[in-house]
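Asks: First to last, the protein sequences are chains A and B.
Counting from 1, one number per residue, gives the positions in the first sequence under the numbering used here.
Counting from 1, one number per residue, gives the positions in the second sequence under the numbering used here.
Everything labelled a hint here was simulated from the structure, so no lab data went into it.
Among the hints, erroneous ones may be present.
When the alpha-carbon atoms are kept at most 25 Å apart in a straight line, the in silico DMTMM-like pairs for lysine to aspartate or glutamate are as follows [stated by the list, open to error]:
#1 A:K93 x B:D295
#2 A:K203 x B:D288
#3 A:K206 x A:D97
#4 A:K102 x B:D288
#5 B:K326 x A:E65
#6 A:K206 x B:E333
#7 A:K102 x B:E333
#8 A:K102 x B:D293
#9 A:K18 x B:E340
#10 B:K326 x A:D183
#11 A:K34 x A:E65
#12 A:K18 x B:E333
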Amino acid sequence: MRILLVEDDPTVRSFIVKGLRETGHVVEEADNGKDGLFLAVSENFDIVILDRMLPGGIDGLRILETLRAQNNAMPVLLLSALADVDERVAGLKAGGDDYMTKPFAFSELLARVEALARRGSAEQAPQTRLVVADLEMDLLSRTVKRGNEKIDLQPREFRLLEFLMRHAGQVVTRTMLLERVWDYHFDPQTNVIDVHVSRLRQKVDKPFDTALIHTIRNAGYILRAE
Amino acid sequence: MTPKFAARFPRAWLWWQRAWRFRSAGLGFSLAYGLIFALSAALFLSLLWWHTNGLLERQVEQAVDADARSLAEHWMQDGLPGLIRTIQDRLDLDVEDEALYLLVGPNGKILAGNMPAWPTRVKRIDRYYSQTILRAGTRATSEVHAYVFPGGFRLLVGRDVRGRDLLRRLLTDTFLWAWLMVTALAIGGAWVVRGIFRRILGSIARTTAAIARGDMRERMPIVGNEVDLVAHTVNDMLDRIARLMDGVKQVSNAIAHDLRTPITRARTGLEDASLHAKTTEEMHAAIDRAVADLDHVTAVFEALMRIAQIEAGARRAAFEMCDLTKPLHDMAELYEATAEERGIHLAADLPDHLAFYGDARLIQQGVANLLDNAIKFAPSDTMITLKASTEDSQVRISVSDQGPGMSDEDLSRASERFFRADAARNTPGAGLGLSLVQAVAQLHSGRLLLESRHPGLRAALLLPVTQGKKSITQASSDAHPVES
Numbered sequence: 001m002r003i004l005l006v007e008d009d010p011t012v013r014s015f016i017v018k019g020l021r022e023t024g025h026v027v028e029e030a031d032n033g034k035d036g037l038f039l040a041v042s043e044n045f046d047i048v049i050l051d052r053m054l055p056g057g058i059d060g061l062r063i064l065e066t067l068r069a070q071n072n073a074m075p076v077l078l079l080s081a082l083a084d085v086d087e088r089v090a091g092l093k094a095g096g097d098d099y100m101t102k103p104f105a106f107s108e109l110l111a112r113v114e115a116l117a118r119r120g121s122a123e124q125a126p127q128t129r130l131v132v133a134d135l136e137m138d139l140l141s142r143t144v145k146r147g148n149e150k151i152d153l154q155p156r157e158f159r160l161l162e163f164l165m166r167h168a169g170q171v172v173t174r175t176m177l178l179e180r181v182w183d184y185h186f187d188p189q190t191n192v193i194d195v196h197v198s199r200l201r202q203k204v205d206k207p208f209d210t211a212l213i214h215t216i217r218n219a220g221y222i223l224r225a226e
Numbered sequence: 001m002t003p004k005f006a007a008r009f010p011r012a013w014l015w016w017q018r019a020w021r022f023r024s025a026g027l028g029f030s031l032a033y034g035l036i037f038a039l040s041a042a043l044f045l046s047l048l049w050w051h052t053n054g055l056l057e058r059q060v061e062q063a064v065d066a067d068a069r070s071l072a073e074h075w076m077q078d079g080l081p082g083l084i085r086t087i088q089d090r091l092d093l094d095v096e097d098e099a100l101y102l103l104v105g106p107n108g109k110i111l112a113g114n115m116p117a118w119p120t121r122v123k124r125i126d127r128y129y130s131q132t133i134l135r136a137g138t139r140a141t142s143e144v145h146a147y148v149f150p151g152g153f154r155l156l157v158g159r160d161v162r163g164r165d166l167l168r169r170l171l172t173d174t175f176l177w178a179w180l181m182v183t184a185l186a187i188g189g190a191w192v193v194r195g196i197f198r199r200i201l202g203s204i205a206r207t208t209a210a211i212a213r214g215d216m217r218e219r220m221p222i223v224g225n226e227v228d229l230v231a232h233t234v235n236d237m238l239d240r241i242a243r244l245m246d247g248v249k250q251v252s253n254a255i256a257h258d259l260r261t262p263i264t265r266a267r268t269g270l271e272d273a274s275l276h277a278k279t280t281e282e283m284h285a286a287i288d289r290a291v292a293d294l295d296h297v298t299a300v301f302e303a304l305m306r307i308a309q310i311e312a313g314a315r316r317a318a319f320e321m322c323d324l325t326k327p328l329h330d331m332a333e334l335y336e337a338t339a340e341e342r343g344i345h346l347a348a349d350l351p352d353h354l355a356f357y358g359d360a361r362l363i364q365q366g367v368a369n370l371l372d373n374a375i376k377f378a379p380s381d382t383m384i385t386l387k388a389s390t391e392d393s394q395v396r397i398s399v400s401d402q403g404p405g406m407s408d409e410d411l412s413r414a415s416e417r418f419f420r421a422d423a424a425r426n427t428p429g430a431g432l433g434l435s436l437v438q439a440v441a442q443l444h445s446g447r448l449l450l451e452s453r454h455p456g457l458r459a460a461l462l463l464p465v466t467q468g469k470k471s472i473t474q475a476s477s478d479a480h481p482v483e484s
């Protein structure tokens with residue numbers, strides 16, 4: 001993937017660039033708003049990672065607004081130290097697709113970047129069926145089958161599995177699950193998400209030979225067929 | 001009027017303006033009071049004076065009129081000689097020497113009476129004349145009225161009004177003195193009022209000055225009058241400022257202690273690894289530990305920021321009418337799994353509808369913290385109940401557990417930032433959960449109640465529903481315009 005990173009702090013920038021290159025992405029970087037805006041409008045990227053507070057007179061929100069004003073639909077992930085709910089809302093309202101606050105774990109950033117980049121292709125056509133290996137989900141009748149066996153899920157478990165299946169093959173972090181499945185934007189201190197995932201595993205993986213839901217250490221979960 | 005004055009005397013105008021600006025409100029108040037008092041006293045006394053005076057005057061006129069009427073009757077009955085005789089009789093009988101008579105013939109000859117001559121001024125018969133006369137060598141004022149009889153005879157009837165004048169003068173003097181006294185009293189009263197005013201403002205000024213100097217314990221005295229309205233408001237405000245200041249102090253203490261500890265740990269670990277690590281594994285392990293420590297720092301920091309933000313009331317903009325049932329249900333559902341994993345049963349007792357004005361997300365977060373605590377401390381095979389109800393226009397959300405509970409001493413300190421009961425030292429957490437719940441409650445003008453239940457603890461959020469009533473009615477009236 002071609003990724004544009006606009007970030008003024010050199011340490012953070014080189015950390016992200018290194019991490020993304022290691023995972024096989026092509027990264028362009030800018031250390032101020034002006035260059036960032038220039039790169040963003042002149043070239044095509046699969047995703048833009050944008051810091052909000054930038055030197056050079058143009059901050060992240062301005063870049064984002066300019067892009068959206070030009071009908072540029074490139075996925076943009078805002079990465080900012082401004083963590084207030086109001087700031088998040090401002091960022092998302094300006095056209096951001098996701099919002100991450102500093103400090104952050106690279107695994108979280110990577111998971112979100114990949115989820116964002118794939119989203120464009122995955123969610124364009126309205127889907128009625130999701131299939132991963134022998135696991136099938138019918139979104140219309142809201143039924144789940146694995147092999148020939150029907151799996152009974154609680155509504156929330158269904159949404160959790162749906163999210164995992166929509167992002168099959170990608171790492172999904174606990175925070176992402178909390179935000180997207182439960183719509184909570186705060187950090188519960190206990191391992192609430194882990195427990196829900198392990199419950200889901202009991203139903204989806206336990207009775208079968210192969211496990212589909214895998215735990216990625218220090219990051220989150222991944223649903224994949226192997 | 002003032003601009004003309006200003007144009008004519010620019011310097012005087014300037015002086016007046018400057019003087020006015022420094023004039024105290026108390027002085028203005030008391031001056032106005034004194035002025036109004038003196039003016040009303042003057043008005044009242046003048047009215048009294050006019051009235052009494054008029055009464056006296058009318059009395060004289062009535063007496064003269066009655067006298068003249070009876071004389072006319074004598075004229076009708078006995079003719080001129082009878083009239084002259086009657087006048088003589090009357091003059092003889094007039095002990096007080098007040099009556100004045102004069103009867104003149106058509107040729108101007110005096111026929112009877114005690115006046116030396118017909119006053120030249122007296123020409124008309126339809127009004128009273130005030131006449132200065134000489135009587136027994138002294139000047140006196142009199143009130144006279146002229147009457148005309150057939151045949152050209154003219155009669156003058158009058159009264160010596162020396163007595164009335166004396167009385168009038170006495171009255172005037174008395175009233176004048178009375179007015180002076182009243183004015184003096186008004187000025188004195190104004191002074192007293194000003195003093196009271198100064199004292200009231202003085203106590204506010206003293207208190208706020210003390211606060212400004214940094215003595216946060218100073219409060220306005222409650223004296224039991226209307227000033228208490230201000231005093232209460234000011235005191236409430238000061239309490240809140242003090243709380244915020246305390247918060248800042250606590251946060252800096254906490255940063256000194258609770259944040260430095262993990263930072264120190266991370267630093268030590270990294271330095272140790274850098275100096276002594278033999279293998280890559282050891283290095284990685286040390287780094288991971290440091291990252292975990294720093295994550296903890298971040299979490300504490302974020303919780304603090306959040307509490308500070310909530311306490312400052314900035315989130316009130318997000319208040320709206322909402323139904324709390326679903327958010328609370330979701331919360332119970334989210335934590336149910338965790339509770340079950342620990343062998344704790346989580347029961348939710350929620351009404352079908354729970355109308356509330358506020359920020360549902362914050363309430364959710366507060367409840368999440370309460371549930372978190374309950375699950376953390378409750379032993380297995382016990383029950384945690386999340387209960388919500390509306391009573392007396394209050395939403396009451398309670399989380400009760402059957403855990404070890406807290407001692408009374410700990411209860412009173414539980415919502416302080418970074419406070420951790422001794423029993424909780426070994427559990428994960430930073431001691432910020434209840435602070436946040438407390439802040440959420442306060443933002444919604446509510447309270448957090450912690451009660452021991454032996455066994456267990458009940459944490460209840462009491463939130464008034466009514467604070468949003470005005471906006472509810474406003475919103476509904478906006479949505480449905482009244483049709484006539």
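Asks: Does each hint hold? Answer for all of them.
Replies: To see whether the hints hold, each was checked on the structure:
1. A:K93 x B:D295: At roughly 28 Å apart (the allowed maximum being 25 Å), D295 of chain B and K93 of chain A break the hint.
2. A:K203 x B:D288: Not OK: K203 of chain A and D288 of chain B at ~33 Å, beyond 25 Å, violated.
3. A:K206 x A:D97: violated (35 Å)
4. A:K102 x B:D288: holds (18 Å)
5. B:K326 x A:E65: violated (35 Å)
6. A:K206 x B:E333: holds (22 Å)
7. A:K102 x B:E333: Between K102 of chain A and E333 of chain B the Cα gap is close to 29 Å, so the pair fails against 25 Å, i.e. violated.
8. A:K102 x B:D293: Holds, because 16 Å separates the two Cα atoms, which is no more than 25 Å.
9. A:K18 x B:E340: The hint is violated at about 42 Å.
10. B:K326 x A:D183: Holds, at about 13 Å.
11. A:K34 x A:E65: holds (14 Å)
12. A:K18 x B:E333: Violated, at about 40 Å.
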